[in-house]
Structures are given as C-alpha cells and as structure tokens.
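Undergrad: Sequences and hints are given; from them, build the entire structure.
Counting from 1, position 95 in the sequence shown corresponds to residue 95 in the working numbering; the numbering is continuous, with no gaps.
No lab work stands behind these hints: they were computed from the structure.
Treat the hints loosely; a few may be bogus.
[What the hints assert, rightly or not] DSS-like, lysine-lysine: derived pairs with alpha carbons at most 30 Å apart:
#	residue 1	residue 2
1	344	357
2	357	117
3	117	345
4	103	344
5	103	114
6	264	100
7	110	17
8	345	100
The structure presented is a predicted model; accordingly, all values stated were derived computationally and were not measured.
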Amino acid sequence: MFEVFRNAWKVAELRKKILYTLFIIVIFRLGSCVFVPFLDNAQIAAMLNQGDGGSLLNYLDTMTGGSLSQGTLFAMSITPYINASIIIQLLAVAIPALEKLSKEGDEGRKKLNKITKFLSLGLAVFQAVAFYIYLRGVNAVAYTDGFEGVIAAVTIVSCFVAGASLIIWLGDQINEKGIGNGISMILFAGIVARGPSAVLALVQSMTADMKNAIFVPIILIIFVLMIGLVVLMTNAERRIPVQYAKRVVGRKMYGGQSTHIPVKVAMAGVMPIIFAMSIMSLPQTICSFFGIYGQGDTFWDGFVRLFSQSSILYAVLYFFLIIGFNYFYIAIQYNPVEIANNLKKNNGAIPGIRPGKPTSDFIQNSLSKISLIGAIFLAFIAIFPIIFQQLTNINVSLGGTTMLIVVGVALETVRSLESQMMMRHHKGFLE
1 MFEVFRNAWK VAELRKKILY TLFIIVIFRL GSCVFVPFLD NAQIAAMLNQ GDGGSLLNYL
61 DTMTGGSLSQ GTLFAMSITP YINASIIIQL LAVAIPALEK LSKEGDEGRK KLNKITKFLS
121 LGLAVFQAVA FYIYLRGVNA VAYTDGFEGV IAAVTIVSCF VAGASLIIWL GDQINEKGIG
181 NGISMILFAG IVARGPSAVL ALVQSMTADM KNAIFVPIIL IIFVLMIGLV VLMTNAERRI
241 PVQYAKRVVG RKMYGGQSTH IPVKVAMAGV MPIIFAMSIM SLPQTICSFF GIYGQGDTFW
301 DGFVRLFSQS SILYAVLYFF LIIGFNYFYI AIQYNPVEIA NNLKKNNGAI PGIRPGKPTS
361 DFIQNSLSKI SLIGAIFLAF IAIFPIIFQQ LTNINVSLGG TTMLIVVGVA LETVRSLESQ
421 MMMRHHKGFL E
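TA: Quick look at the structure:
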C-alpha cells in the first residue's frame, strides 16, 4: 500500500489530487474545532459519558470524530447524508421510479444523488432540531427563554445544518478534484482523528492499574490480526464461471469468451452493523431522554442495564440482528432472477446449469452460502470488542463499524490510485 502511495506521488497530476484531498481533510478538521455558540461543551461531554456508551448519541459521536461531544460546527458530520443514502437505497426497491433511475447509468445516478442531497438537508434540519431539544433538556444550552432563547435556538440549529451541508460540499469537491470517495474520506478522517484520544485512554487505563499492562502486547496482536482478517474478508470473493456462446453479426464474430460473476463475501459492507447498532441503541437512547441511565434501582434502570453493552442479551441480539440485516441488505441489492435474465439475453450461461430458473436458483443458493459466511464475519468483528472488554475490563475502542470503515476506505483509496496509474500506463508502478 505504501509503495502505491509513493509511486503515485511521483506523478504530478496524482500528487495534486492527493494534496487537494489532504487540504479538504484539514478544512474538515478545522471545522471540527469551531464551537457552536450558546452551548455548554462540558455539559454535553458529561451527558455522553453517562451510561456504558451504548446509546445512539455515543455511536453518532464516534462517527463524527468526537465533534458531537464537543458541540462543534460539524457535530452531525455526514450522518444525515448517510441516513439519506440508506433511505434512498431502500426506497429504490419499493418505488419503481427510483428503481428506474438507478438503472439509467450515470445520468440516473446523478439524479438519485441530487434527491439524496435534498433528503439529507431535510434530515439535517430534523436532526438538528431534535438535538437542540435534547440539549435544552439536559441544560446544555445557555439561553432557553425569551428573545435570547429564540436567538440561541436559531443559531444552534443553523450552525448544525450549515455544518452538515458544508461537509457534503467538501465531499463533492474530493469526488471531483481529489482521490477516492469524498464522503468515505471524510468519515475516515473523523474516525482516525479519535485515534490519539483512544490511545491516551488506553494508557490511562494501564497507569491506573498496572495489572492491565500485560494486555498491551495482546491488544497490539489482536489489532493487527483484526486488520488482516478484515482485509482478507473484504477482498475475498466467490467467482461463478460464465461462458458466452459465439454468434456472428455481419462479418464479425462475438462471444465465445469465458468470464465470471464475482460475489463478494462481505458484499454488504458495514451496513448490517449500522442497522443492528441503531436498533440496539434505541432503548438506551429513549430512556436517556428521560434522564434514565441505568444507574438506579428502578424498573427502567434495570431495563437499560438489560440492553447495555455489558449484557449477554445485548451481545446475543446484536449477533443475530447483524446476520438478519446482512441477508436483508443483500436481498434488496442483488436480484438473482435479473442476473439470470441478463445472462440469457447475452447468450451467456453457467457451465452445467440450464438457463432461466435453474440459473437463478443456482445464483440464489451461492448468494445464500456466501452471505452466511459474510454475516458471521461481520457479527464476529462487531461483538469481539464487547467480549474482550467484558473479559479484561479494558475499552480498546476497536468497534466493528470503525474497523471496517477505516480498512475499507484505505483499500478503496489504494485501488483508486492503482486504477488511475494504470490509465496513465505506469505499468512498472504496479509490479
């Protein structure tokens, strides 16, 4: 990977793109240090530190690189855009007009992207208002009554919405003039920015109890092994062979070649974990709105503890939810019948399998087997940090979502650089 970056740096055009991407990331990090007026940052951080960190707000704080807990301009980061993208993907299966746009190539994707941006703006307004109401309820807003309260409310909501809109614009700039996917790069930068604080928390845990020092080499080994596992499973795929029949059109002969249909093992990516985490964090999030954090002796405190990350029920439900959402996401993204029909139209066939329904059944069975392996992998990556924390009482901050995002974006960026160098005929760089 480092060799690819070193060789890409030698190409003037790619060097400009890399520097431009880094420039946008610097702007993003600077915006993460601009505090929103009328907010009590210490109160927000104290509020998020209550409980065991399993609420939806803690998850959003991780995705925003800590900007949410600090009450900065980019407190919502790109979460409205991510939520809008997920909603559009789900609606594209149910609404024929959106499904038609998704199949119209670049023009259709541009229209869908425009719809996604408008939806993300609406979600940003809703999310900003909801977050303001919550902050007002926990006394994190300086002014709440009278004309000052109106000014404070408008300022806070406007700053949050403006920050989310600015991040979407920064992501578009990376897409046009930089390297890789802009939204993914910003998400990557936000997660990596929490690295120093995670290391500092680990060091403080070691100094507080020297018995924990023996876990340092174990944590490092686990960290390296998890990265290797994620890289291996992200690149792993099942290749379904396809043979195209020969046909003569005029004086030219077409077809006759052999190819394959690549089926990724982890084709759903991080989406099943995001879905499952959102569902599992709802009980704690809802109870936190009423000031219940699982630290008392009431029924609802016990209910919160039952759905906390330290609970066995949480780990079991989390595991099976990830598996279920993995199958669900793949089912709405891949249609075996459509793939079989496309093969038949282009005179293609899987060797030993008859065209039509037998082909779609074969592809469906292959998807089911691969999906099970991918689902178990995602579930293992997601619950392993929880199990490790319960066994050692050390929070190593190796969340499944963050690990998959960081490694996935790194691999995607390397592939983007390799493809751009290959287009420039720099063959030696890839050897």
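Undergrad: Evaluate each hint against the coordinates.
TA: Here is how each hint holds up against the structure:
Between the alpha carbons of residue 344 and residue 357 the distance comes to roughly 11 Å, so the proposed pair stays at or under 30 Å and holds. Between the alpha carbons of residue 357 and residue 117 the distance comes to roughly 39 Å, so the proposed pair goes past 30 Å and is violated. As the CA atoms of residue 117 and residue 345 are separated by approximately 36 Å, the hinted pair breaks the 30 Å bound. Simply put, residue 103 and residue 344 have alpha-carbon atoms about 18 Å apart, close enough for the 30 Å limit, and the pair holds.
As the CA atoms of residue 103 and residue 114 are separated by approximately 16 Å, the hinted pair is consistent with the 30 Å bound. Restraint check: the Cα-Cα separation between residue 264 and residue 100 comes to about 25 Å, which is no more than 30 Å; the hinted pair holds. For the given pair, residue 110 sits about 22 Å from residue 17 by alpha-carbon distance, which is consistent with the 30 Å threshold. Restraint check for residue 345 and residue 100: satisfied, since their Cα atoms lie roughly 19 Å apart, inside the 30 Å limit.
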